[in-house]
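Peer 1: Spelled out, the chains give:
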Amino acid sequence: MSLLLRLRAVVALALLASVFSWLSPAFLTQGNLVMLAKHVALNAILALGMTFVILSGGIDLSVGSVAGLAGMTAGWLLHDGLVLRPLGVVVWFSAPSVIVIGLLVGVTVGALNGLLVVRTRVAPFIATLGTLYVARGAALLLSGGATFPNLVGRADLGNTGFTVLGAGVLLRLPAPIWMMAALGLAAWFVAGRTAFGRRVYAVGNNEHAAGLVGIRVARIKLAVYTISGFCAALTGLVIAAQLQAAHPATGETFELSAIAAVVLGGTSLSGGRGTVVGTLVGAFVIGVLNDGLVLLGVSEFWQIVIKGVVIVAAVIVDQLGARSTTGTAPRRQR
Amino acid sequence: MLRAEGVGKVYGGTVALDGVDFDVERGRVAVLIGENGAGKTTLMHLLAGVEQPTSGRLLLDGREVRFASPREAAEAGIAIIHQELSLFPDLSVAENVFAGREPLRLGLVTDRARAERETSAVLERLEQAVDPRARCGALPLGQQQIVEIARALVGEARVLIMDEPTSALSPAEVGTLFRLIRELRARGTAVVYVSHRLEELMEIGDHLTVLRDGRRVAAAETRDASVGWIVEQMIGRSVPSERPHPSAPAQETLLEVSGLSLRPRAGRALLEDVSLDVAAGELVGLYGLMGAGRTELVECVAGARSASSGTVRLRGEPIERLALPARVARGVFLVPEDRQGAALFPSLSVAHNMTLASLRAHRRFLALSSAAERETVARMAGELAIAPASPELAVSALSGGNQQKVVIARALLTRPRLLLLDEPTRGIDVGAKAELRALVRRLAQGGVGIVYVSSDLEEVTAVADRVVVLSNGRVTGRFAAAEASHAALVAAAARGHGRSPGRDAA
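So the protein sequences, as listed, match chains A and B.
With our numbering, the residue at position 218 of the first sequence is 218, and numbering never jumps.
With our numbering, the residue at position 230 of the second sequence is 1230, and numbering never jumps.
Among the clues, some could well be false.
Only part of the chain A face toward chain B is listed, based on derived beta-carbon distances under 8 Å [as the list claims (entries may be wrong)]:
(1) Arg193
(2) Thr194
(3) Ala195
(4) Arg198
(5) Gly272
(6) Arg273
None of these hints come from the bench; they were simulated from the model.
Everything numeric in this text was worked out from a predicted model, so none of it was measured.
Cβ atoms here follow ideal geometry from the backbone N, Cα and C, with glycine treated the same way.
When you get a sec, could you build the whole thing from the sequences and use the hints?
Peer 2: Next comes the structure, spelled out in structure tokens:
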């Protein structure tokens, strides 16, 4: 029974998958599964970063906007180049350096989130809600609201190759799936096997006590928001590469899907409890649900309703499980 | 008027109160005395309906009553002033005073004007210039306590229970409160008064009841009692002063605290010019009443709080400017008083709780080695006789004593030079207490300097090489183990608490 409870997300995933494959023969085809995984990858990468933030007891609402901003930064550098007007020069960057700059943008915004939370003690919900708007505004400002099209690059400028990020294929699997796998493995290792990961759990469990055992709580928080910023930027770059265009509205409401994946994976929103594997499973539950409902021809509007119901139902089940395993000992508050 | 007959209260397996009789009479002040943990607060809570007795019964005007909640008790005319402030910091003074029983206009809308008017009236009786519209959280601690008192007064209670109402009041405010209590008494209100300050009790009480270990051990009219007699009753049988440990040989000085003060922006100073030396291998007991500044002192030494002034040296090196992690690295480790709130990580396993402060020692290259962690946990579980069914178990599933052992194991794994133990045996059973004390003695013999905070007289005299007593943030006594009689400690701990500042000289 306890094993079943621990694997409830996996059970839910298997159940959903078998229902859909029974209802629609197209579900279990290789093509569909690869496409499903490719879609899941984007949400999963965001959710992996989000997992660290939530484990530490915080939340990052800015990830969707950061994804948009990173994509737009890449689009701007590939499409317009860096115009240095006083010198009358336009600097063009190679695709790898554009990717690095895009990631740096995400890391910077993430670090900024962390600093806001640590230094000003603004609640993470508010701090990252602020950066959600600021980053989205910055993305719109980069182009004046327009889309940067045709990010394939030009051979004469030496900036081709960006689209590999979205369209590259290795061993018949597209690049985003490889990224999800690599990041998932890294996140699993960091969260479960390293001192840093253990400290993240500790901070989420009892921040005050974590400080008293000598954990530098501020550094841990700074790190988790930075990780989340990195993941968000990567997602934005992959989307821009897939579309071969950067649109300033990319990533809107992505933060909600990412949080949903984390929560579906059994991570407690109050911090300190949860797993990386759970998050990946959660992302797949959402992906399978999306994909399956489309295959079944369920109306788009009903899809949204069903998603909401599944998320709340999953969390209710999760809380029942937590109550039965840890008991409900009242905790003294100071 | 209000009478408790053989009331008892059992929490889990611990007996907090055991068949106590207690009488509150009209127009009299009944005083309750006892050491920390003697059951005073529990008895108050039973009388006021905060908790329900597990045995015995309550009689009000001769009729048996049962209060399922403080509200029912309040409706019967019993009001309580809690020891720990229970105000809503973001509400106004008037809103706090009338919280839960707001005067209504047309039975619907809160009558704020009336609430503020009546609050003003009560505050005037208390001779306090507090604005009823002020936000409670913004008031200094003493005034917050006044608000707490005002809350109990507006209801025109027939029985007024005061649990340490003066802990944050200035002598002048205490004087006003006493005047008010006498006035209430003259009008027939029955008052139950609990305090640690013996001088105060002698001044205001009519009848006193002494509790010890959850039992009523003595009762007398105040005019027939003396401070000496009360102390004797509180402590009970004279404790054998046999000391199982030899006095520690003089060793190098480990910790030197001098001139340490802690003054919050508002309110009284929490620590005032405190000095404390601890040698390596020495076990120094820190005794005092609640609010004396013991916790603040060890927190300042550990780096969990920064003192306003003063120096802290560890083996000669000034550490008062270092952050807590840097002090941990130098071998200073605090085991905090509030185990649940400040030491335990409830959803982490026993093993992960234990190794959290020494992760570096359990690392192989980048990763933590679960083999190394398992080995450590097995070793510590053996050494400290921790009985977890499995190290994978969530720590919240252990008993209080075993949880505390896990916390202490965590401290030991950092290889501390100086261990600060704040009430390490609070809330754990007798057997585990004895084990913990023996363990602490062994550590000291191994060369660790230990500061042992306790409000348990027997414990502090049994375990420590030396006892330092704090009262109102000042050191009011230093005793070698041989001189640390219970009476001397109690007297030192009560010093500076009376309303006669002339006797305060420490």
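Peer 1: For the restraint on Thr194 (chain A), tell me whether the closest CB of chain B is nearer than 8 Å.
Peer 2: This interface hint holds because 6 Å falls under the 8 Å limit.
Peer 1: Have a go at the Gly272 (chain A) hint: is there a Cβ in chain B nearer than 8 Å to its own Cβ?
Peer 2: This interface hint holds because 5 Å falls under the 8 Å limit.
Peer 1: Does the interface hint hold: is Arg198 (chain A) within less than 8 Å of chain B, judged Cβ to Cβ?
Peer 2: At about 6 Å, which falls below the 8 Å cut-off, the nearest Cβ of chain B leaves the hint on Arg198 (chain A) intact, so it holds.
Peer 1: Hold the hint about Ala195 (chain A) up to the distance rule: shortest CB distance to chain B must be less than 8 Å.
Peer 2: holds (4 Å)
Peer 1: Closer than 8 Å between Cβ atoms is the bar; does Arg193 (chain A) clear it against chain B? Give me holds or violated.
Peer 2: holds (4 Å)
Peer 1: Closer than 8 Å between Cβ atoms is the bar; does Arg273 (chain A) clear it against chain B? Give me holds or violated.
Peer 2: With a closest approach of 5 Å, the Arg273 (chain A) hint holds.
In this structure, none of the earlier numbered hints is contradicted; all agree with it.
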